[in-house]
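Start from the sequences and build out the full structure, keeping to the hints where you can.
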Amino acid sequence: MLTSPLTIIQLVLGKFLAAFALFLTMVIPTVSFSFFIFQYGNPDLGPILTSYAGIIFYGSAIISVGLLISSLTENQIIAGALTFGAFLFLWIVGRLGETTVTIWGKLANYMSITAHFENFAMGIVDSRDVVFYLSLTFIGLFLTCQAIHSLRW
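Using the numbering used here, the letters of the sequence shown map in sequence onto residues 26 to 178.
Keep in mind the hints are simulated off the structure, nothing from the lab. Take these hints with a grain of salt, some might be off.
[Said to hold, decoys possible] Computed spacing ranges between beta-carbons, pair by pair:
id: 1; residue 1: T32; residue 2: I164; range: 18 to 26 Å
id: 2; residue 1: F58; residue 2: I149; range: 17 to 25 Å
id: 3; residue 1: S160; residue 2: T98; range: 17 to 25 Å
id: 4; residue 1: I53; residue 2: A146; range: 34 to 42 Å
id: 5; residue 1: T98; residue 2: T55; range: 26 to 34 Å
id: 6; residue 1: T127; residue 2: G39; range: 40 to 48 Å
id: 7; residue 1: L113; residue 2: P72; range: 25 to 33 Å
id: 8; residue 1: S57; residue 2: E143; range: 20 to 28 Å
id: 9; residue 1: A146; residue 2: G110; range: 19 to 27 Å
id: 10; residue 1: I164; residue 2: Q64; range: 40 to 48 Å
id: 11; residue 1: N100; residue 2: G39; range: 20 to 28 Å
id: 12; residue 1: Y65; residue 2: A106; range: 38 to 46 Å
id: 13; residue 1: I128; residue 2: I149; range: 22 to 30 Å
id: 14; residue 1: L176; residue 2: T55; range: 36 to 44 Å
Heads up, the beta-carbon is just placed ideally off N, CA and C, and yes, glycines get one too.
In structure tokens, the structure reads:
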């Protein structure tokens, strides 16, 4: 990797897009469940579509942070466990933030990875949620580039 003729950005984006494509190959088949739901009922299409949009944003954020953690470790099992731990921490902090009304509780709730998905699941596309996921994705990719760049020196 360190002697690759690719630029760091190409390397990171290639790994991100490959992981994201794998993620989409796991999500896309679940669309067939919607066909069964429509066959036997008359659900609102809005929450279904926004939930899929939220899943895509959620997945991109997890993948980018996972790439960052992977670039900081040499063992892929440790990277996977740390990525799981990081998002478990964000989930727990968000749930703890729901129980308090202080400024720390609001901050903790904002940092929750799942709290932003809940609006998508209800059919609400809020720009704050989109910005949160895109920011987390781009910050993760940027820091991954910086981590790999520091290895080349």
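Outcome of the hint check:
Between T32 and I164 the CB atoms are about 19 Å apart, so this pair conforms to the stated range of 18 to 26 Å. The supplied range of 17 to 25 Å is met by F58 and I149, whose beta-carbon atoms lie about 21 Å from each other. Judged by the Cβ atoms, the range 17 to 25 Å given for S160 and T98 holds: they are separated by roughly 23 Å. For the hinted restraint 34 to 42 Å between I53 and A146, the CB-CB distance of approximately 18 Å leaves it violated.
The beta-carbon spacing between T98 and T55, approximately 31 Å, falls within the hinted interval of 26 to 34 Å. At roughly 43 Å, the beta carbons of T127 and G39 sit within the given window of 40 to 48 Å. Range check, L113 to P72: about 26 Å between beta-carbon atoms, so the 25 to 33 Å window is met. Distance hint for S57 and E143: a CB-CB separation of about 24 Å, consistent with the stated range 20 to 28 Å.
As the Cβ distance of A146 to G110 is approximately 24 Å, the hint placing it in 19 to 27 Å holds. Distance hint for I164 and Q64: a CB-CB separation of about 42 Å, consistent with the stated range 40 to 48 Å. Checked against the hint of 20 to 28 Å, the C-beta distance between N100 and G39 comes to roughly 21 Å, which is consistent with it. Distance hint check for Y65 and A106: the Cβ-Cβ separation is about 41 Å, which falls inside the suggested range of 38 to 46 Å.
As the Cβ distance of I128 to I149 is approximately 24 Å, the hint placing it in 22 to 30 Å holds. Checked against the hint of 36 to 44 Å, the pair L176 and T55 passes, with Cβ atoms roughly 37 Å apart.
When held up to the earlier numbered hints, the structure conflicts with hint 4 and nothing else.
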